[in-house]
Amino acid sequence: MPRTLFDKIWEAHRVAQRADGRELIYIDRHVLHELHAPHAFEALEQQHRPVRRPDLTFSALDHTVATKPGRTDSTNPSGEAFIKAMREGSRKNKIHVFDLHDPDQGISHVVAPELGMVLPGATHAVPDSHASTVGGVGAMAFGVGTTELAHILATQVMAMKKPKSMLIRLDGRLGRHVTSKDVALRIIAEIGVSGARGHVVEYAGPAARAMPIEQRMTLCNLNIEMGGRSGFVPSDDATFQWLAGRPYAPKGATWDRALAHWRTLASDDGAAFDKTLALDCTGLEPQITWGTDPSQVLGISGRVPDPSSADGSRRAAMESALTYMGLKPGMALAGLPVNRVFIGSCTNARLPDLHAAADVVRGRKVAQGVVAMVVPGSSTVKREAEAAGLDRVFRDAGFFWGESGCSMCAGGNGDRGEPGERCVSTTNRNFENRQGPKVRTHLVSPETAAASAIAGRIADVRQIQAGSA
Amino acid sequence: MQPFISHTGIAVPLLRDDVNTDEVSPVQAMREMKPDYQKLLFMRTRAEQPDFVLNQPQFANPGILVTGHNFGAGSSREAAVWGMLANNIRVIVAKSFADIYRENCLQNGLLPVVLAPADADAFIARVVAVNGAAPFTVDLQSQRISGPGGPDISFDVPAADRIRLLEGLDDIGLTLKHTDAIAAWEQRTAASQPWLQQATDNRR
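So the sequence lines, in the order shown, correspond to chains G and S.
Residues 1 to 469 in my numbering are what the first sequence spells out, letter by letter.
Residues 1 to 204 in my numbering are what the second sequence spells out, letter by letter.
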């Protein structure tokens, strides 16, 4: 019977079936972070259980670290205990830490692929819901809670019931200044925040194939925002080129063997999926969220919908979102004044994201009164961006240029907006109060965020660029 | 893990879909390593909305949360389950759960119940009607909900999850029974796909 790639990865990692019927799936790479791992270290210590494979486990510092230049453990006072506990727990368990001043420090989902640590067809787990970001290199990743994290530390497997499979085919071609972020937001708008619940998603089709690896990561990053259990773009030549020579990627003869194997990693012709969706990306315009969940999305030229057109609980949710966001039905979002712009997070803070934003910003100034920040996804991204002069572009325009971390995505490090502010953000969640109490978040691509910072209003980047030529 | 056999308590109607874990346990309430999980639960909503269901006196001692679709969407933070337990909420009856949240419930002896759509609507109507005046009992052995306003309602929890909850089984312990199979998998893979079994920095 033809099999999906998900079936193949699942079966290749299936170790055993447990007495309760759950299957044990081997986790090839486990990356932790300081917000949740300390609790798991403590639980294991109480149970006198060792970490099975510290050599396949890595610790990132990302959620609570300050972004201010010259930062220390205590620059964000509430982060210090987490950072120290992470360092100590990792040391005791012989797990390598990408520490605050390590050149490889950064957001776990950015660092793991950047170092070539996650590989096509490999399984990956992180105590964070955006784990599937690494699906961009064809790896299958699961976000887990703290207790599951302890389970993986002790056993190197996850005990799971096999999720269902879903195929999302992306047809057509993306226009100029339209990115995988816009595609992902459109998909979520189409199928809703639980449209992929219980499913592992394979992204296919010419538009997915045409995406550079970093854009595929953005696409897979947002998989959880439609409820997906995991999601990936199967690897191809672009993936292999991207991975070659990265510090943890296989070398020499092992690379050749790996490559031969990776070339077999595809769904069979005729493989059946439990659910399918096709989206034509031709003609898609930049997308932006108007509401308080990532399915409340408009094209940049669109107008805020009228809740009276919806029914029941959806209508109530829309009304509540409009109130929170300070919007009225029929309003255009483009042109609304913004107070804050954030370019960063595991969604959109890799080097090409920053290049794309810098191309919009170059030679211009952030509008008066707008607080604009760029926080690179990793210290490596930061170094490379600085080598390319991007930090100067942003700083000259009036952006804050920070040290790497999760920053304003969830505000775990204290970076956040002020009540009532309208914030245009390249992150993944526009939930109420996430970026600060009463902050009104609009999710967009880096290009749209950059254009909005310059305009001081929500802007269509295509118009800004045309005007400058 | 604390076993779950049966739980009796006031059922609290939170009749919305897609309630996310940012709302259940705000990150601002997680700034300490061991926050007060009882206070953390819906901390911001409770502070900002005087008429929020958990602020209403008849729901001051909740036992069961009753809610809509996709409960627990968003972040994987387990504090969103620990906050429930700290408030003696040991059952959540939802129309559906977000995947990671449901797993986190099972890991902590919190029973996630999904009723058939017609039963869910009937149960919600009874919960709203009784308005905290009398408790419901959720029994996992018989897989039934009993309480005011009508006959018992049956539900179905997959056998694997049911046994684990009823017996309070140690999840890691269950898996460690397969240590030999894990070691054999590692050995096989080290030979067939060595790049998976080693993660070393080639610069060092």
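It should be emphasised that the hints constitute simulated quantities derived from the structure, not laboratory data.
Here a beta-carbon is modelled for each residue, glycine too, at the ideal position from N, C-alpha and C.
One or more of the hints may lead you astray.
What the hints assert, rightly or not - The list that follows gives simulated cross-link-like pairs (lysine-lysine, DSSO-like), each with its CA atoms no further than 27 Å apart:
(1) G:251 x G:8
(2) S:177 x G:438
(3) G:92 x S:177
(4) G:94 x S:177
(5) S:34 x G:162
(6) S:177 x G:84
(7) G:92 x S:34
(8) G:438 x G:8
(9) G:164 x S:95
(10) G:68 x G:84
(11) S:39 x G:162
(12) G:84 x G:328
(13) S:177 x G:275
(14) S:39 x S:95
(15) G:328 x G:68
(16) S:95 x G:84
(17) G:161 x G:275
(18) G:68 x S:34
(19) G:161 x S:95
(20) G:94 x S:39
(21) S:39 x G:438
(22) S:177 x G:161
(23) S:39 x G:8
Claimed, not checked - Pairwise CB distance ranges, derived in the manner of DEER restraints:
(24) S:88 x G:247: 25 to 35 Å
(25) S:148 x G:314: 49 to 59 Å
(26) S:16 x G:92: 34 to 44 Å
(27) S:60 x G:362: 50 to 60 Å
Tested hints:
1. G:251 x G:8: Satisfied, since the Cα-Cα distance of roughly 24 Å is no more than 27 Å.
2. S:177 x G:438: Not OK: residue 177 of chain S and residue 438 of chain G at ~49 Å, beyond 27 Å, violated.
3. G:92 x S:177: 25 Å, holds
4. G:94 x S:177: 24 Å, holds
5. S:34 x G:162: The given pair, whose Cα atoms are some 33 Å apart, is violated under the 27 Å limit.
6. S:177 x G:84: It is violated: about 34 Å lies between the C-alpha atoms, which goes past 27 Å.
7. G:92 x S:34: Measuring from Cα to Cα gives roughly 21 Å; hence the hint holds.
8. G:438 x G:8: Given that 27 Å is the threshold and the Cα spacing comes to 45 Å, the pair is violated.
9. G:164 x S:95: Judged against 27 Å, a Cα distance of about 19 Å means the pair holds.
10. G:68 x G:84: 19 Å, holds
11. S:39 x G:162: The hint is violated at about 36 Å.
12. G:84 x G:328: 47 Å, violated
13. S:177 x G:275: Not OK: residue 177 of chain S and residue 275 of chain G at ~35 Å, beyond 27 Å, violated.
14. S:39 x S:95: 26 Å, holds
15. G:328 x G:68: 37 Å, violated
16. S:95 x G:84: 41 Å, violated
17. G:161 x G:275: 18 Å, holds
18. G:68 x S:34: 26 Å, holds
19. G:161 x S:95: 20 Å, holds
20. G:94 x S:39: 35 Å, violated
21. S:39 x G:438: Roughly 20 Å separates the two Cα atoms, so the pair holds.
22. S:177 x G:161: Satisfied, since the Cα-Cα distance of roughly 18 Å is no more than 27 Å.
23. S:39 x G:8: 45 Å, violated
24. S:88 x G:247: 25 to 35 Å: Hint violated: Cβ distance 49 Å, outside 25 to 35 Å.
25. S:148 x G:314: 49 to 59 Å: Given range 49 to 59 Å: violated, Cβ gap about 30 Å.
26. S:16 x G:92: 34 to 44 Å: At 43 Å between Cβs, range holds.
27. S:60 x G:362: 50 to 60 Å: 58 Å, holds
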